[in-house]
Amino acid sequence: MKRIKVKELMNSGQVGSEVLVKGWVRTKRGNKNIVFIALNDGSTILNIQVVVDVALFDENLLKDITTGACIGVTGKLVESQGQGQHIEINATSIELYGKSDAELYPLQKKGHSMEFLRENAHLRFRTNTFGAVFRIRHSMAFAIHKYFNDKGFFYLHTPVITASDAEGAGEMFHVTTLDLHNLPKNDQGSVDFKSDFFGKETNLTVSGQLEGELGAMALGDIYTFGPTFRAENSNTPRHLAEFWMIEPEMAFYDLNDNMDLAEDFVKYLISYALENCKDDLGFLNTMIDKALLERLKFVVENEFVRISYTEAVEILLASGRKWEYQVGWGRDLQAEHERYLVEEHFKRPVILTDYPRDIKAFYMKQNDDGRTVRAMDVLFPGIGEIIGGSQREEDYDKLISRIREMKMPEKDLWWYLDTRRYGSAPHSGFGLGFERLILFITGMSNIRDVIPFPRTPKNAEF
RNA sequence: UCCUCAGUAGCUCAGUUGGUUAGAGCAACGGACUGUUAAUCCGUGGGUCGUAAGUUCGAGUCUUACCUGGGGAGCCA
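Heads up: the first sequence is residues 509 to 970, going by the working numbering.
Check each hint, because a few of them may be wrong.
[As the list claims (entries may be wrong)] Calculated cross-link-like contacts (lysine-lysine; reagent style DSSO-like; alpha-carbon spacing at most 27 Å): (1) K693 / K654; (2) K702 / K786; (3) K775 / K617; (4) K530 / K708; (5) K515 / K659; (6) K618 / K798; (7) K654 / K513; (8) K786 / K515; (9) K515 / K654; (10) K617 / K654; (11) K702 / K919; (12) K775 / K786.
These are calculated hints, taken from the structure and not from any lab test.
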């Protein structure tokens, strides 16, 4: 008999038919006459209830069916006599694929703390919460590709290994095949990378943006979606050393087009989750965050506030608040400032634009005022900055003077500068932190719980 | 990296001004129960109190260092 997934069974299983399901035991309960098994196969958060007439089965087999064990069940699909589920399976035969010693299996049929489950990341997939989170994570990855594909964007694979630290987005992980215990030195006494694998110093990427711009300057609209690495010693519930980022880059988009796309994109993804992840979101709304669904709907239904950095500073100064970090034009906004704007003043997502150029990256388009750039940050409640982007500086002279002012390695950027030498065009783009999006959509509070295997300082287990 | 809180049974925690044999709930195990929903009821086993050093007649409790984790901050997505 062909196995049917529980999700399909719940949606379209025919009462009265013979079915075969395979999955992992969540709980078993009952008495010496009848036993109930809650079986989950990961296809849905819903369990199928298996009803076992004890008289029909070997006692030792039933003894081995414990929490965590893997079994296959053949039986008749019937309407449930009990409350709590509409259908169930009257088992006629059970095959035990893998036992699970109940005295040793870490997961119990009770709630566990997130910290405990994080230490058991190899097994946490088997919990309701993490099953829901990772099904939603998949759906969001799929929706991202669908959104851009439907809009005519091309998925561009930018390199994971790079020789440029051009953006200066953060500390980088070195990539080398040199013998770390016996490093070759040059005449100046520093490491000689000429004999390294690539013949030069290389790192893991901190952003695919610069390469993405090359693609946009020919293909029009592109996006990247891949892993990103930051060797920052950041220990917070919002940072990872290895995370996934989506970076669209669009020719002929100005900053307003860029903001329109960012807002439409995020709203599309949330709508997609609301429509396609109902069971999982319903569970998270009940167990993790009672305001989750309400908040998601609110974001979809309301326009994001768009104000300039300068206006934001005025609001903060007029608030009468005492800030731990001083507010003033030219200073970067701190978490407490962003939080005030999003969570108290406007009570909705906010897009801040036109930041002082001295606190932003070299590639951002310079405004005519000579002191601000066409940057945008999308700020979300509870998350902070979820998107950062800008219109790019397409003017060669302005770009090169900025590179020199900031003492960037001009020589290494020759290929980037070539896009401004040959057929330069106005263009824009942004970066969306995938895990921060998943945080917002699932209502989870720690970023380590929305990526299967978190990489953080002092932690690369699993 | 900084500030702060915590680390005691498989899990979540209690443990008084330092004092005899370190407790509870849940889980596990054994038993009871003819339809259960994290079933219920009765019973049983289970501990190098994060690690190291120190103070003391005596340390789960006090001191110092280190390790690990949570929360906040910085850096950022």
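Hint numbers contradicted by this structure = When the structure is compared with the hints, numbers 1, 2, 3, 4, 5 and 10 turn out to be violated.
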